[in-house]
Amino acid sequence: MLKIDNLSKIYRVGTFGGQELHAVNQVSFEVGDCQVVSLIGESGSGKSTIGKMILGLISKSSGSIIFNGTETSSLKQDTLKEYYRNVQGVFQDPFSSYNPIFKSDRVFKLIKDEFFPSIDACEWDEKVENALKAVGLNPETVLNKFPHQLSGGQLQRLLIARALLLDIKFLVADEVISMLDASTRIDVLNLLADLKSRGLSILFITHDLCLGYYISDQSVILYKGHVLEKGVTEKIYNSPYHPYTKMLMTAVPRLDRKWEPVSIDIKAEVPNQIDGCVYYDRCPLAFDKCRQRPVLVEISKDHSAACWKLPEMIKG
Amino acid sequence: MIKAAASLPTSVKKKNEFLYFAFKNTKLRVGLGILLFFLVLMFVGPQLTEYEPTDFVGPSGVPPSTDYWFGTTSFGEDVFTQFVYGLPATFMVGIIGGGLATILGMTIGFIAGYRGGVVDEVLNILTNVILTIPALALLLVLSAYVKVRGIFIESLFIGFTTWPWAARAIRAQTFTLRTRDFVDLAKLSGRSSLKIVFTEIAPNMASYLFMTFILMFGGAILTAATLDFLGLGPTQGTSLGLMMNMAVLWSALPLGMWWWFVPPGIGITAIVGGLYIMNVGLDEVFNPKLREM
Amino acid sequence: MRRYFGRKLLIYILTFFIAVTVDWMIPRFMPGNPITILISRAGLRGNAVSEMYTYYLDAFGLDLPIWKQYLSFWAAILQGDLGTSIYLFPTPVKDVILRAVPYDLALLIPSTLLSWWAGNKFGAYAARSKKLDNTLLPLGYILTATPYMWLGILLAWVFAIVLGIFPVAGGFGFDLQPDLSWRFIGSLVHHWFLPFASLFIVQFGGWAIGMRNLIIYELESDYSHYLEALGAPRKLVRRYAFRNAMLPQLTGLALSLGAVVAGALATEVVFGYPGIGYLILQAINNEDYFLIQGCFLFVVIGVLLANFIIDVAYLIVDPRTRTGMQGGAG
Amino acid sequence: MSLQVVNLRVFYQTLRGDVHALDGATFSIADGEIMGLAGESGCGKTTLGYSLIHLTLPKKFVDGWVKLDGENLPIGDTDRMEAFRFKKVSIIPQYAMSAMNPTRKIGKMTSELLESRKVRFNDILPELKRRLDLVKLPQDVLGMYPIELSGGMKQRMVMVLSTLLNPSLLIADEVTSALDVSTQQAVSEMLVEFRDHEFVKSMIVITHDISILYQIADSILVMYAGKPAEKASTTTIINSPLHPYTRLLISSLPKVGVKYSSQRLSGIPGNPPLLLDPPAGCRFRSRCPAAFAKCSQEPPFVEVKKGHYVACWKERGIYA
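Residue numbers (the numbering used here), protein chains in the order written: chain Y, 2 to 317; chain Z, 147 to 439; chain H, 10 to 339; chain S, 29 to 348.
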């Protein structure tokens, strides 16, 4: 469905754009048909940047994004519009995704004007009704309301309904539930999971490992723009190989197990080393070989990691 | 921490809520009152006086009295008539000059704010350049060379040299709105950049644009008054600034004819002051932080 | 930090370049030929007309191709030769202007700085309570709305004519020769006070209003809430808010210079104060194009210099620009 | 008994009337106890936290009283509270990342703050340095500006600052929500260390992330729509809660090891009530599966078992 190959994004910073900041650095992964892949990373890992590049909202510096065989960067005005008929996105802050001075169901009108200009009114209303029911919303309580009169959960579902109107193939969900309350959060998650059964592929971007585990078939662990480990979610959670993933798994606050008193040395963050392994400065197993960039090594089917110490770990 | 919970009862729509709060704001009412007073005076005035601004109506240098409300000039012209006939010129300059400055400011502000990158850099430098050059010095030089000057040309001059103030403000505002998600969502819906600017960003800033226009309107009047005062204003017709120029030129000061130069000054100060007070009132209505002292 | 500085420098150089170009272009591209106007004004007849025509032609260098004129114009400026003034023939334009500049500086610098400092303090004070805000601040609105020259006229009328405390016009007493005696300096200050007062008062209102809004935002900011939550006295919270609100006012000072110069020109004309403003008006009335160009250049250079000094001050005062911004995206 | 709060009611004054943000909170915290304060957005937990130290407009003190170490805390009177702030009660605000004055060196700001509270900076400096080492912050951070620090470092600096005068009660509001997983654990454990080192006697940790409370809190008070729903020890709340809302809330949290395909969790239908004119009786009635006739009356917040308080008719075995 969607193939990311060696994707990078370099920002110009410093005086006259002297220094370069590698927000995303040669990232590659795939999302198959009817598959949910979670892209997990802390803030500053570049996960949102990747999401925005896939949606064509920001330009990419190098590498390619291939959707069903066509390279997305070559798309211009009308081909890009055709691309948007298949690929849509939902963002983090529901209240910022709506223009506060218009009614919230204006997002549907936007779709109607651009993609279905000649559809007749009642057929469109019926389509909207079905989409709203599909996301578990009652049209009477939701339509014709201003964004501040609806809850965060309702607003996010409206956005998903908007995407369903185009019967898209691929959805980028960028931290869609981090702003929602615990109780409404799970319903939106279940909704996303249900959509998978309707033949939709989802890239679920999040920093919360529990959510990633709950919903995704495959996971990609991202740190400072580099993919450190990727593969089937169960394998990564139950038997992580990369030291960073291990640290994440122990640091996640669980409801059934207390934290192990592993002391993480939180030295001041060292700026990105572009060449070596990005986790070098905080990794307990770091040794001189880590100065060169480790390459992704297949540990078992559908599970690979990027660390020079992997061979020993697999043997040991 | 109640953010969205305390929303309005559904009956009061968003529009009424704004009007409801707007008219409770005293500063807005006072500013609007002053402005309306002078607008009415502009239309009603000419009916109140049977003279023309340059008619010789009576003895020269007469202080205000019942038959000459604002007294007469040293040429025996009626000051009140000149004042009333000067008002349209002042409003005209405000509307055209202020309007032109706002429109120019909007276009450049939107393009720079929305497009970003190199275009933003270039437009920003252009704005700063024109901002640093003292506008009046430029106007002085221009007016000196353009011999025949009407109010329209003066308004154009003012419009073309004061737009950077509007451009800076609108660019900053567009910048903040551009990063909002609903703009990205509009892009995802296949909307073209131009459409996005005018259907998503501009409506959101409608209040801000109106307030910018008010400031430009006031600024244009002040600049025009200064130009007229220096004798570089319109060569025919009358305006409040021109009245002051004549007053100073024909030594109204040493002769103690205060009624010749006080009314025009009060007129300009009141109109521009009213505009500024209205602007602050609107500012309080739109961001409550300023209201809850 | 260098990026911030580099950009600023670029803007100044560009501004100066454009100002000079505009200055050079004006007389050449205006309708009518400046020389014919000059000659017709001089009322010459017969062959005098043609001789004067040729004299002015090469004085202006109009016979040369455009770009050559432009280069020679730049060369002249860089050597400081701005041509000779027609109105005050034969003194060169440069000397005429240099005589007027000290008056201008004496008027502009104290009035701007004092009104900036006093206006901000007043604005901060007025933002303390609703009562003060509603009583003192409308005064600020009226002041900013007052045209500079009208306030000048009012002050002149009240203090000079009616009360007779201050002189009406002129830079110093007509009966005095410029020398360093106390009497002359006393007379200088005596004449200087009214124009200074009118400039001071009008700008004062503007700064007060600006500061009132800025300090309210600062008092609503997170660090103010944190200090209050830790029981810091009102005085400390207000001191921090005031210092942070002064920074945007410093950039505001730089931006307002253009408008302040305009005000100074008008005020000088009201009081006949022999600064550049008065000079420009004389030049315009006598159509002395060289002098007009010279004055315009001096005004632009003055404003650019002031802007530059304020930017340097801003760098020293605001640590955030000094330590540089973190670039890059999440 | 370190902190005692009885029937505390604080409303928000808005143009459309009073919002009953906090409507009668009653609980107590023993010395050395870390009490977690959990609940969804709009349940009044932040209002409760800030009211104990800095109750200002548009918040309005309505009813109830608060005792700290046996002494009455005049939270309604902002001026008299001055003496208690920072010395007796302190707070780590939700906006810790922007809590420090951006244009002032951190050391300079600390000394000016202390001097303004009549505390000599030099007396406190050695202790300040020791605490900076404890939270792994370099001592030359005092000479730096807040902009030069990373998010985690700013958070820890504010923690040290707020607890510098060893207040007896510390309110920590969403300390971990803006941090990455890795620094989250370190910062949370530092809070516990502050209590162990007796920098603070008792602590209220406000957060929407109950799994953090499971790690560091001794007891948890769950709030719903401005009213306390249940208070008990952490393990009781997590494993055997009584109040229907707590039960549904805990069960709706995805845990690592729970997959959508194997065990589909469910949220709580409906939305919390608007607090402009709150409904009568139990506020969870409209969303509660166990609601019955008695719920139309206000359920009192009462001790059902030792240290276990709940506000629900059904759970107290009383049937209409």
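Keep in mind the hints are simulated off the structure, nothing from the lab. Don't take each hint at face value.
As the list claims (entries may be wrong) - With a Cα cut of at most 27 Å, we get these calculated BS3-like pairs of lysine-lysine:
hint	chain 1	residue 1	chain 2	residue 2
1	Z	Lys170	H	Lys244
2	S	Lys116	S	Lys95
3	H	Lys17	H	Lys140
4	Z	Lys170	Y	Lys128
5	S	Lys287	Y	Lys197
What the hints assert, rightly or not - One side of the interface only, derived from the structure: several residues of chain Y facing chain Z at Cβ under 7 Å:
hint	residue
6	Leu58
7	Tyr85
8	Asn87
9	Asn100
10	Lys110
11	Leu111
12	Glu115
13	Phe117
14	Pro118
15	Cys291
As the list claims (entries may be wrong) - Far from chain Y by the CB rule (all over 12 Å, computed), these chain S residues:
hint	residue
16	Gly60
17	Thr84
18	Ser139
19	Phe149
20	Leu170
21	Thr204
22	Ser239
23	Leu241
24	Tyr242
25	Tyr273
26	Lys283
27	Gly285
28	Arg292
29	Leu293
30	Arg315
31	Glu326
Glycine included, every Cβ here is placed at the ideal spot set by N, Cα and C.
With a cut-off of 7 Å, does the beta carbon of Phe117 (chain Y) approach a beta carbon of chain Z closely enough for the hint to hold? With a closest approach of 12 Å, the Phe117 (chain Y) hint is violated.
Is it true that the CA of Lys17 (chain H) sits at most 27 Å from the CA of Lys140 (chain H)? Not satisfied, since the Cα-Cα distance of roughly 42 Å exceeds 27 Å.
With a cut-off of 7 Å, does the beta carbon of Leu58 (chain Y) approach a beta carbon of chain Z closely enough for the hint to hold? 5 Å, holds
Beyond 12 Å on every Cβ pair: is that true for Tyr273 (chain S) relative to chain Y? 9 Å, violated
Does Asn87 (chain Y) pass the interface hint, meaning its C-beta sits closer than 7 Å to a C-beta of chain Z? 12 Å, violated
Next item in the hint list is Asn100 (chain Y). Is there a CB on chain Z closer than 7 Å to its CB? 5 Å, holds
Answer holds if the nearest beta-carbon of chain Z is closer than 7 Å to that of Glu115 (chain Y); otherwise answer violated. 4 Å, holds
Could you let me know if the closest chain Y CB is still more than 12 Å away from the CB of Arg315 (chain S)? Incorrect as stated: the minimum Cβ-Cβ distance to chain Y is 9 Å, not above 12 Å.
Are the Cα positions of Lys170 (chain Z) and Lys128 (chain Y) separated by 27 Å at most? 44 Å, violated
Interface hint compliance - Lys110 (chain Y) to chain Z, C-beta minimum distance less than 7 Å: Cβ of Lys110 (chain Y) sits 10 Å from chain Z, so the hint is violated.
Checking the smallest CB distance to chain Y, is Lys283 (chain S) really beyond 12 Å? 5 Å, violated
Take a quick look at Ser139 (chain S) and tell me if its Cβ sits farther than 12 Å from every Cβ on chain Y, holds or violated. 24 Å, holds
In summary, the numbered hints that this structure violates are 1, 3, 4, 8, 10, 13, 14, 15, 21, 22, 23, 24, 25, 26, 27, 28, 29, 30.
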